[in-house]
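Undergrad: The residues making up each chain are set out below.
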Amino acid sequence: MSLEAIVSIIIQGLTLGMLYFLIAAGLSLIFGLMDVLNFAHGAIFMVGAYVATTVYYDLGGGQFGAYLPPPLAPTLLKLGLKGGVALVADSNVRFVIALLAGGLVGVGLGALIEWSMIRPLYKRPIFQILLTLGLAYVLSELVRNIWGFNPYNLEKPAALAQSVEVVERMVPYYKFFLIALGCVLFIVVYALLQRTRLGIIIRAGVQNSEMVQALGINVRRVFTVVFALGAGLAAFGGAAAAPFVGVSPLMGMSFQLSAFIVVVIGGMGSIPGAAVGSLLVGLAQAFAAYRLSPLVANAILVGLMGLVLLIKPAGLFGAKKEGGH
Amino acid sequence: MTALLELRDVHTYIGQFHILQGMSLRADQGQVTVLLGRNGAGKTTTLRTILGLTPPRAGQVMLGGQSIAGLPTHAIAGRGIGYVPEDRGVFTDLTVEENLVISERGQGDLAGKADFIFGLFPDLKRLSRLKGGQLSGGQQQMLALARVLVPDNRLILIDEPTKGLAPILVEQVMAALHNLKSAITVLLVEQNFTVARGIGDHCYIVDAGQVVHSGPMKEIAADEGLIQRYLGAGG
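Sequence lines, in order, name chains S and D.
Quick note: the first sequence, position 312, residue 311 per numbering that gives the first Met the number 0, numbers continuous.
Quick note: the second sequence, position 139, residue 138 per numbering that gives the first Met the number 0, numbers continuous.
Since the hints were made in silico from the structure, they are not lab data.
Incorrect hints may appear among the rest.
[To be verified] Label-pair restraints from in silico Cβ distances: (1) S/Arg123 with D/Gln106: 49 to 57 angstroms; (2) D/Gly39 with S/Gln193: 39 to 47 angstroms; (3) D/Glu85 with S/Gly302: 35 to 43 angstroms; (4) D/Gly111 with S/Gly302: 50 to 58 angstroms; (5) D/Ala174 with S/Leu132: 50 to 58 angstroms; (6) S/Tyr172 with D/Pro121: 54 to 62 angstroms; (7) D/Gly118 with S/Leu315: 40 to 48 angstroms; (8) D/Gly77 with S/Leu111: 25 to 33 angstroms; (9) D/Arg128 with S/Arg123: 40 to 48 angstroms; (10) S/Tyr136 with D/Ala57: 38 to 46 angstroms; (11) S/Lys311 with D/Glu85: 53 to 61 angstroms.
Quick reminder that beta carbons are idealized off the backbone N, C-alpha and C, glycines included.
The task is simple: from the sequences and hints, build the whole structure.
TA: Structure representation (structure tokens):
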């Protein structure tokens with residue numbers, strides 16, 4: 000294999016890995032702490048992408064209201080925010096706002112889902128799985144109803160629209176942006192878990208949530224925060240992925256499958272595990288896709304997940320769970 | 000003597016099994032009350048019932064004259080109850096210091112009591128950077144005991160603190176419990192009668208989910224027939 004190919008595979012693998020980390024980190028914490036296997040996580044990733052795309056284009060005055068559901072669009076048009084008038088002309092600023100909006104909507108959606116639907120089902124885990132599966136379909140249909148069936152492209156902001164030559168290959172700046180973003184968010188999440196009281200509680204809860212309650216801590220409230228933060232990370236990831244993979248109602252499904260593989264390999268409840276697992280899966284997928292085909296790449300990953308489950312069921316960094324909630 | 004904790008005719012089920020079948024007892028302020036009994040008698044379930052981890056289906060659980068039955072565990076613990084479970088409940092992935100910090104209920108709880116806690120358990124200061132999982136069984140037990148002292152608890156529930164420990168570590172834990180005795184009200188579950196006799200003020204013998212005998216520890220300890228019948232052990 001040529002040096003150019005190797006560099007290209009590594010960059011592609013790192014980029015994919017970082018996106019997987021954004022979705023797997025929340026998935027891993029939610030399962031590790033709350034024992035909730037959230038099958039709607041991929042749908043939240045997708046919602047983040049749609050929200051970011053809407054905000055980006057609407058603030059640019061391109062087609063304001065075109066992406067919004069009928070009751071909202073006329074209302075906002077009355078407020079004077081109409082098509083053709085750019086509220087924020089700078090695409091870079093618009094892009095940052097769009098990313099944050101995607102993430103914030105994810106946080107709100109996550110908190111709402113945990114509070115209204117997951118919380119009553121903590122003692123019935125099978126129902127939780129069915130609920131989150133159903134929720135994934137509901138969110139997907141909702142998105143189709145609001146934004147239609149056609150996929151969208153979210154353009155890259157001006158600062159990230161160019162490419163740079165790396166070992167005789169042109170690599171978009173945006174890939175480096177995604178890699179850097181993943182690194183920064185890993186550091187932020189890791190610092191949150193290691194340096195704050197909330198982080199200590201989450202790490203303790205992943206191991207033994209019953210004992211955390213016995214110390215006088217309202218674990219259910221922590222569950223809501225973790226679910227909301229996890230959903231926020233996923234939605235933020237979806238927003239960041241939008242210019243890289245396109246926006247469509249099915250975009251969350253493939254990312255969710257890879258994220259589950261990441262979580263199994265890395266270990267439930269472990270952020271370093273999610274990071275290492277993401278990089279392994281991203282790199283393996285990029286390599287297999289280059290040498291074989293994307294379909295074979297996915298099959299190899301599922302095989303890899305099965306192998307880890309057989310040899311080290313807790314995953315590479317997973318901790319043994321003691322007391323439930 | 001004022002009852003800090005009182006259980007009146009408490010019934011607790013685990014699944015379909017009726018574990019506590021009319022448990023009634025009291026733990027008096029400033030005393031060490033010991034629950035004795037064979038395996039499966041309902042001692043651990045009594046502690047878990049008090050804390051709401053296995054809530055009662057019937058009966059009253061009163062703390063300081065107020066009912067706490069039916070409250071969520073965190074709210075019960077927040078009223079001033081500390082818990083040292085049989086498996087110690089040490090978070091093995093957290094450092095010793097983090098295990099103590101997580102027990103704070105108010106800002107600066109640990110800082111305010113550091114001298115007292117590390118005075119009782121001097122080893123913990125030296126080990127503060129180690130993870131809970133790196134400690135020996137005895138050190139984990141010290142950490143579990145230290146942890147309940149961080150907040151202002153009125154009562155601590157301790158489940159078999161000497162179980163599985165080497166004799167020399169049992170002595171260390173005993174010494175720690177003696178030191179704790181002066182500071183806090185304790186409800187202790189213990190199978191080791193020598194330990195129980197050495198530290199308890201009052202004693203309840205539990206069998207089949209209810210109290211079958213109670214009295215001052217000195218009286219119980221003197222009744223060898225009773226000890227043989229319910230505990231199968233001599234003094």
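Undergrad: Taking 50 to 58 angstroms as the hint, is the beta-carbon distance of alanine 174 of chain D and leucine 132 of chain S inside that range?
TA: This hint holds: roughly 55 angstroms between Cβ atoms.
Undergrad: Looking only at beta-carbon atoms, does the pair glycine 118 of chain D, leucine 315 of chain S fall within the given range of 40 to 48 angstroms?
TA: Holds, since glycine 118 of chain D and leucine 315 of chain S (Cβ atoms, about 41 angstroms apart) stay within the stated range.
Undergrad: Mind checking the hinted window 39 to 47 angstroms against the Cβ distance between glycine 39 of chain D and glutamine 193 of chain S?
TA: 41 angstroms, holds
Undergrad: Does the Cβ pair glutamate 85 of chain D, glycine 302 of chain S satisfy 35 to 43 angstroms?
TA: Holds, at about 42 angstroms.
Undergrad: Using the beta carbons of glycine 77 of chain D and leucine 111 of chain S, state whether their distance is inside 25 to 33 angstroms or not.
TA: This hint holds: roughly 27 angstroms between Cβ atoms.
Undergrad: The hint says 38 to 46 angstroms between tyrosine 136 of chain S and alanine 57 of chain D; measuring C-beta to C-beta, is that right?
TA: Check passed, 43 angstroms falls within 38 to 46 angstroms.
Undergrad: Do the beta carbons of arginine 128 of chain D and arginine 123 of chain S sit within 40 to 48 angstroms of each other?
TA: 41 angstroms, holds
Undergrad: For the pair arginine 123 of chain S and glutamine 106 of chain D, does the Cβ-Cβ distance stay inside 49 to 57 angstroms?
TA: 37 angstroms, violated
Undergrad: Can you tell me whether the CB distance of tyrosine 172 of chain S to proline 121 of chain D sits inside 54 to 62 angstroms?
TA: For tyrosine 172 of chain S and proline 121 of chain D the Cβ distance comes to about 57 angstroms; the hint holds.
Undergrad: Indicate whether the distance between the beta carbons of lysine 311 of chain S and glutamate 85 of chain D respects the range 53 to 61 angstroms.
TA: The hinted range 53 to 61 angstroms is violated for lysine 311 of chain S and glutamate 85 of chain D, with Cβ atoms some 28 angstroms apart.
Undergrad: Is it true that glycine 111 of chain D and glycine 302 of chain S lie within 50 to 58 angstroms of each other by Cβ?
TA: Since the Cβ atoms of glycine 111 of chain D and glycine 302 of chain S sit about 55 angstroms apart, the hinted range of 50 to 58 angstroms holds.
In summary, the structure is inconsistent with hints 1 and 11 from the numbered list given earlier, while agreeing with the others.
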